[in-house]
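Participant: Here is how the chains run, residue by residue.
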Amino acid sequence: MNKKWIAAIMTAAIATTSMTASADLELLEGDGSGREVTIWCWDTSENGIKMNNAFTEATGIKVNLVAVEAKDMAQKLQTTLASGGEMPDIAWCEATYRGKLLSLDIWEDLTQYGISTDEVVDYLIPLETSPTTGLWVGPECPSVAGMAYKRELAKEYLGTDDRAELEAMFTDWDAFIEAGKTVREKSNGEVYMMSSLGAMGIILKGQGSEPFIDGDKLNLDASMRPILEKLVQAKQADIIDMIDYGSAEEGASYAQNNDIFYPCANWSVKFTIKMNDPDREAGWGFMLPPGGPFPMGGTVHGVPKDAKHKEEAAEYIRFIDLSQDGAVIQRDAKGNFTSYKPTYDDPEFYTMEDPYFGGQDVQQIIAQEVLPNIGTVRAPSKYDQDIEDVYNLALKTINANPDVTVDELIATMESELMGKDPAITK
Amino acid sequence: MTKNSAKKENHFLSRYLGKICVWVFVLILSLLALLPFWMMIVMGTYISEDLYTSAKIWFGDYLLQNLHTVMKQDFFLYYRNSIVVAVLNTAGGVLISGLAGYAFAKYEFKFKKPLFMFVIATLAIPPQLGLVGYVVEMRKLHLNNTLFPLIVSGMASSFGVFWMRSFISGGVPGEIIESGRVDGCGEFGIYFRLVLPLLRPAIITIGLLLFLWSWNSYMTPLVMISNQKLYTIPLSISLLNGEYRTDYAARILALAMGTIPVLVLFAAGSKYLIKGLTAGSVKG
Numbered sequence: 001m002n003k004k005w006i007a008a009i010m011t012a013a014i015a016t017t018s019m020t021a022s023a024d025l026e027l028l029e030g031d032g033s034g035r036e037v038t039i040w041c042w043d044t045s046e047n048g049i050k051m052n053n054a055f056t057e058a059t060g061i062k063v064n065l066v067a068v069e070a071k072d073m074a075q076k077l078q079t080t081l082a083s084g085g086e087m088p089d090i091a092w093c094e095a096t097y098r099g100k101l102l103s104l105d106i107w108e109d110l111t112q113y114g115i116s117t118d119e120v121v122d123y124l125i126p127l128e129t130s131p132t133t134g135l136w137v138g139p140e141c142p143s144v145a146g147m148a149y150k151r152e153l154a155k156e157y158l159g160t161d162d163r164a165e166l167e168a169m170f171t172d173w174d175a176f177i178e179a180g181k182t183v184r185e186k187s188n189g190e191v192y193m194m195s196s197l198g199a200m201g202i203i204l205k206g207q208g209s210e211p212f213i214d215g216d217k218l219n220l221d222a223s224m225r226p227i228l229e230k231l232v233q234a235k236q237a238d239i240i241d242m243i244d245y246g247s248a249e250e251g252a253s254y255a256q257n258n259d260i261f262y263p264c265a266n267w268s269v270k271f272t273i274k275m276n277d278p279d280r281e282a283g284w285g286f287m288l289p290p291g292g293p294f295p296m297g298g299t300v301h302g303v304p305k306d307a308k309h310k311e312e313a314a315e316y317i318r319f320i321d322l323s324q325d326g327a328v329i330q331r332d333a334k335g336n337f338t339s340y341k342p343t344y345d346d347p348e349f350y351t352m353e354d355p356y357f358g359g360q361d362v363q364q365i366i367a368q369e370v371l372p373n374i375g376t377v378r379a380p381s382k383y384d385q386d387i388e389d390v391y392n393l394a395l396k397t398i399n400a401n402p403d404v405t406v407d408e409l410i411a412t413m414e415s416e417l418m419g420k421d422p423a424i425t426k
Numbered sequence: 001m002t003k004n005s006a007k008k009e010n011h012f013l014s015r016y017l018g019k020i021c022v023w024v025f026v027l028i029l030s031l032l033a034l035l036p037f038w039m040m041i042v043m044g045t046y047i048s049e050d051l052y053t054s055a056k057i058w059f060g061d062y063l064l065q066n067l068h069t070v071m072k073q074d075f076f077l078y079y080r081n082s083i084v085v086a087v088l089n090t091a092g093g094v095l096i097s098g099l100a101g102y103a104f105a106k107y108e109f110k111f112k113k114p115l116f117m118f119v120i121a122t123l124a125i126p127p128q129l130g131l132v133g134y135v136v137e138m139r140k141l142h143l144n145n146t147l148f149p150l151i152v153s154g155m156a157s158s159f160g161v162f163w164m165r166s167f168i169s170g171g172v173p174g175e176i177i178e179s180g181r182v183d184g185c186g187e188f189g190i191y192f193r194l195v196l197p198l199l200r201p202a203i204i205t206i207g208l209l210l211f212l213w214s215w216n217s218y219m220t221p222l223v224m225i226s227n228q229k230l231y232t233i234p235l236s237i238s239l240l241n242g243e244y245r246t247d248y249a250a251r252i253l254a255l256a257m258g259t260i261p262v263l264v265l266f267a268a269g270s271k272y273l274i275k276g277l278t279a280g281s282v283k284g
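Sequence order for the protein chains is F and P.
Residue numbers for the first sequence follow this note's numbering, beginning at 1 and rising by one.
Residue numbers for the second sequence follow this note's numbering, beginning at 1 and rising by one.
Fair warning: there could be bad hints in the mix.
[As the list claims (entries may be wrong)] Covered stretches of chain F (chain P as the covering partner; in silico rule of three or more C-beta atoms under 8 Å from a C-beta of chain P):
#1 42-51
#2 66-73
#3 76-83
[Said to hold, decoys possible] Here are the simulated DSS-like pairs of lysine-lysine, each with C-alpha atoms no more than 25 Å apart in a straight line:
#4 P:K229 x P:K72
#5 P:K72 x F:K270
#6 F:K341 x F:K270
#7 F:K50 x P:K229
#8 P:K229 x F:K310
#9 P:K140 x F:K274
#10 F:K217 x F:K426
#11 F:K71 x P:K56
#12 P:K229 x F:K308
#13 F:K50 x F:K341
#14 P:K72 x F:K50
#15 F:K420 x F:K71
#16 F:K181 x F:K396
#17 P:K140 x F:K305
#18 F:K270 x F:K155
#19 F:K308 x P:K140
#20 F:K205 x F:K186
#21 F:K270 x F:K71
[Unchecked claim] Label pairs and their in silico Cβ distance ranges:
#22 P:K229 x F:E57: 17 to 25 Å
#23 P:K7 x F:M242: 54 to 62 Å
#24 P:E137 x F:E57: 37 to 45 Å
Just so you know, these hints were derived from the structure itself, not from any lab.
Positions of the beta carbon are idealized from the N, C-alpha and C atoms, including for glycine.
If we strip away everything but chain P, and leave its shape as in the complex, we get (with noise of 0.2 Å):
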């Protein structure tokens, strides 16, 4: 009787012991990956000058003067600005590469492979280069101080074409396309009725990451603005100095809030967002 429940006691150690370790593993990663986050959002109801007197882990009272500062400076504009320039940005990017990968993939053409080869080139050209250039385009086209360059710059994305390019030749069967032309669909109606449906995945990765990379785009909109009403929001942060002084406290408090699309959006799109990364990584 001893000898049995000795050896359930061992069998349930071992059972269990291992797991639990694994979670307290887990769980320390978990904290130490979002203790930075927590403490961004901590920070932010500070005042500048008590930021770095101690480890803030618990809020402050600060939070409706920091919000103040931050407000004051038409925040819920450059919010829209970002927001108006991230969605229509990712909703083009995401049309354009998903249509240029299809034709990468899954049509023969001519030049198609030094066209191919072109577009995997420009991603190892750094985007400054081209900066002093494309303003100069927006401008003779009469749209600098405006908009529409944050919008456009990011559509023609080269990563877009090369990622959807390899989720399509991997993940959607020519049998598909061959069968939608054979029931008399176009080529459109095939690629918006049958392939896209397939490429909810790839879409969805490639939307989060345009939409990631125009909300926190930086570069652009300091040369192509000069106009404080179309600010976004990383432009936005610079309004919150003084002549000597930084308020940290209220840029902090600003980032956390321009955070919170990025962070709803990256929730919702979890899902997707891990079978388009690992999508082709196990053959099946």
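Isolated chain F (complex conformation) (with noise of 0.2 Å):
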């Protein structure tokens, strides 16, 4: 009798969700002259599921969406090229793995096809240029940053929680983190600057442009010496916890109330902020961060040589990534940003007042005052990821030993980055 009634409720949810499921999104076919366009990305989503259903509907080309993860881009399109298999139309290569994917001579110039970096945000053009070839790949959505904050922890412990006040309190990061000994104080311990010295840390490094290592050799003196000098300053005036960035507990502390600051992109205010802490209305407030605005992120989108539909993934560009009418899908599909550049001169294309962020107009901050200020940039570089792994060895060996000099970090970090490339040199 149990069994039955167990099968009874399984077979009833699974039918109800499947049916519920059948009525949900699903890409247009195209227009039936055949022309297609096949995206290697991660976002099926029914967000990206909009946005490009309205590239068909303009356009009249097939969308296909190969869901493939960001860290096994590189090798799917690494094995598919080395068997001769066939190729995406699009790819996306995201910033983690962007050095590696760009410095590949795999990609086509779209010069060809009439599209120009004439009309792409300036920061954005040598993120998307490969550093071998010196081709300007694809377009990428600009993922500009400043730092979010917990309104009531920055009234409490810092005296208020007004942008302007709080921008001219922190001059720089020095001033950040004497602020931070105060906030302790006034705590008992309990609340800090940050959540994570990932967190300090990314804001650190995309304000920086100096390369780590320039063609194959190591810079770290010039580029990372600073980063790590702040962040080992931060960490011995105990003003950063002790969590993972990036980590599942550090969206959880969004919610709590033990640390005040985050890095914020375009993005994270919906997909992190809101997400993770649904219920502070009003709570939470925007600022540029002692330092200054910063690149967060971002996912250039490339058309490899061997694809199929070379056209139509240029025409998909040139609309999505390259036209008003794009931008307008962008932003009101996924909540993006364009990086067609004739958008932003009009300065109420990205404006929400929103009551979340206590009626502050991020969007608009966002695109009128970050995005114009982000200066010269880090450019990409194939060891990227290997830099970013020995750079996240060094954020564990600084959470575990915060009296660790930064010249015994330089040096793990030159050894291990040697050990990984037999190429780099110092």
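Take the two lone chains, each set in its own frame, and fit them into one complex as the hints suggest.
Facilitator: Here it is as structure tokens:
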């Protein structure tokens, strides 16, 4: 009897969910001309489908999405290429793997299809240029950031939750660290300035432009040392929580009251802060961090040379990434910013007073104050992933032993990097 | 009388206390082993952002939404693909491993030793090394973007051959084979009618392992399949992403659902699995 009941309940549950599932959004068929474009990406969500359907409606070109995780993209592309398999028409290259992927000589020159960098947001161009061939591979949505903060904690421990006053207070990172000491004292050691070393590190890294490895030559002294110095200084002042950056635990910290500041990109508002902390109505604020705004992440859309539908791929990129219509679709479907420069001439294009941020118009601030002030960026390198690995190891070392010296960290990083790839020299 | 009852009590304590301690110890160990699995099931019933706000010991109220997220990605199709691949792979792998192991164990032929050494040597070669070559081979045969490469890739299992050869060497008396020959049975008849029934524990063990390896295989499907309709369960997990958000809870639920066939098979074959694994460990 019990077994029958369980079977009946399971069948009903599966049938119900299957029926509801079948009502969901699907990619549109094309106009029957047989024109199509296949994209290897990691967003097959409804928002992504909406955006691609808008493209199909406008052009008649069918979009095929193949889900490939960001971390697997390089392997899948390289194996497919080596085996002579069918390459995608567009492949996504995420920031961590962007340097390695862009350094492969597998990308089509999009200028042949009438796509020009003249209309691309300036700071993006070096991030989208192959470090080995010098070719501009393709556009990406700007992913630029400032800092979000919990208003209640800022008011209680820093005396204000006003953006301008906080920005004036944190003239540089030293001032930020000093203020952090006061917060620790006032809160009896309960409240930290930031949730993780990685959170502070991603801001510091984004604010620099000196290459970590210049060609094949290590350049950590000029590039990594200033970052590590501030991180060690912050850790020794005990103003940073002991959470791993990007971990689920850090996600949970948004809803708690132990950490005040977080890096915040345009997409973080919807997908990180509001998702993790849905109940803090009017409880968040947005400001520029000490040292100014910074790029945070990004995903290049490249067209492989061996793609089957290069014309259609170019049309997709022209429409979605580099047109005003595409900018509207990206904004409305996913909340993405566009790489199409003329869009930013209209200050009202990205605007939404956000009650969640106490009425601040975060999107407008990011579009009009953050994005135009992104200065020189650190160009991608084929060693980006290796650098990220040893950098993460350094963060763990600082967390485990705050008394570690920057010299020791740099020496370890250099030796690890040279061990990872013999082509890297000192 | 008092002395006697005290003696009895001591006897009772010494007899049962030890057992109780062992039971408590085993119970704690079992709980420790089962807790992660329990938590995996429970975590699939929460929204991702709530997963790490506290330890999740009891069910949340987000199961139906997560189930909906998983199901709208054609989960049954991926389930079916995984089952087709794993079942055919296992059946073929067991057949080939059994026949090859039997040949190495019971026949004398030219180059037997070097051939067996070659099989053993392939155990030491990482499968990734041959991956590109395998993809090229399948493409030349126009079999890429089908389930066929995933099915055959695990059939020629060097571990399976090694395993079956070891079991057959120690567990199948030569006299049975000889008697079959005397009675006029053919070589395949001897294998399928006389030897195979003796191999049940070894076959179930290697079958379970082949099924598990095939079910969990990620790299071969990743590089071989670029058509979402042919995705297997491990690949389909990557569909539960947005551009900026990974739905961990839905992924956990999908993984929990994905482990059901493996659990059922291991539960059904556990008796033979233990027999197979311990075969030859005690001289008898």
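Participant: Taking the hints in turn, state whether each one holds.
Facilitator: We went through each hint and held it up to the structure:
no.	hint	result
1	42-51	holds (count 6)
2	66-73	holds (count 5)
3	76-83	holds (count 5)
4	P:K229 x P:K72	13 Å, holds
5	P:K72 x F:K270	23 Å, holds
6	F:K341 x F:K270	23 Å, holds
7	F:K50 x P:K229	20 Å, holds
8	P:K229 x F:K310	24 Å, holds
9	P:K140 x F:K274	50 Å, violated
10	F:K217 x F:K426	6 Å, holds
11	F:K71 x P:K56	29 Å, violated
12	P:K229 x F:K308	20 Å, holds
13	F:K50 x F:K341	23 Å, holds
14	P:K72 x F:K50	15 Å, holds
15	F:K420 x F:K71	18 Å, holds
16	F:K181 x F:K396	22 Å, holds
17	P:K140 x F:K305	21 Å, holds
18	F:K270 x F:K155	24 Å, holds
19	F:K308 x P:K140	18 Å, holds
20	F:K205 x F:K186	30 Å, violated
21	F:K270 x F:K71	23 Å, holds
22	P:K229 x F:E57: 17 to 25 Å	24 Å, holds
23	P:K7 x F:M242: 54 to 62 Å	58 Å, holds
24	P:E137 x F:E57: 37 to 45 Å	41 Å, holds
Against the hints set out earlier in the document, violations occur for numbers 9, 11, 20.
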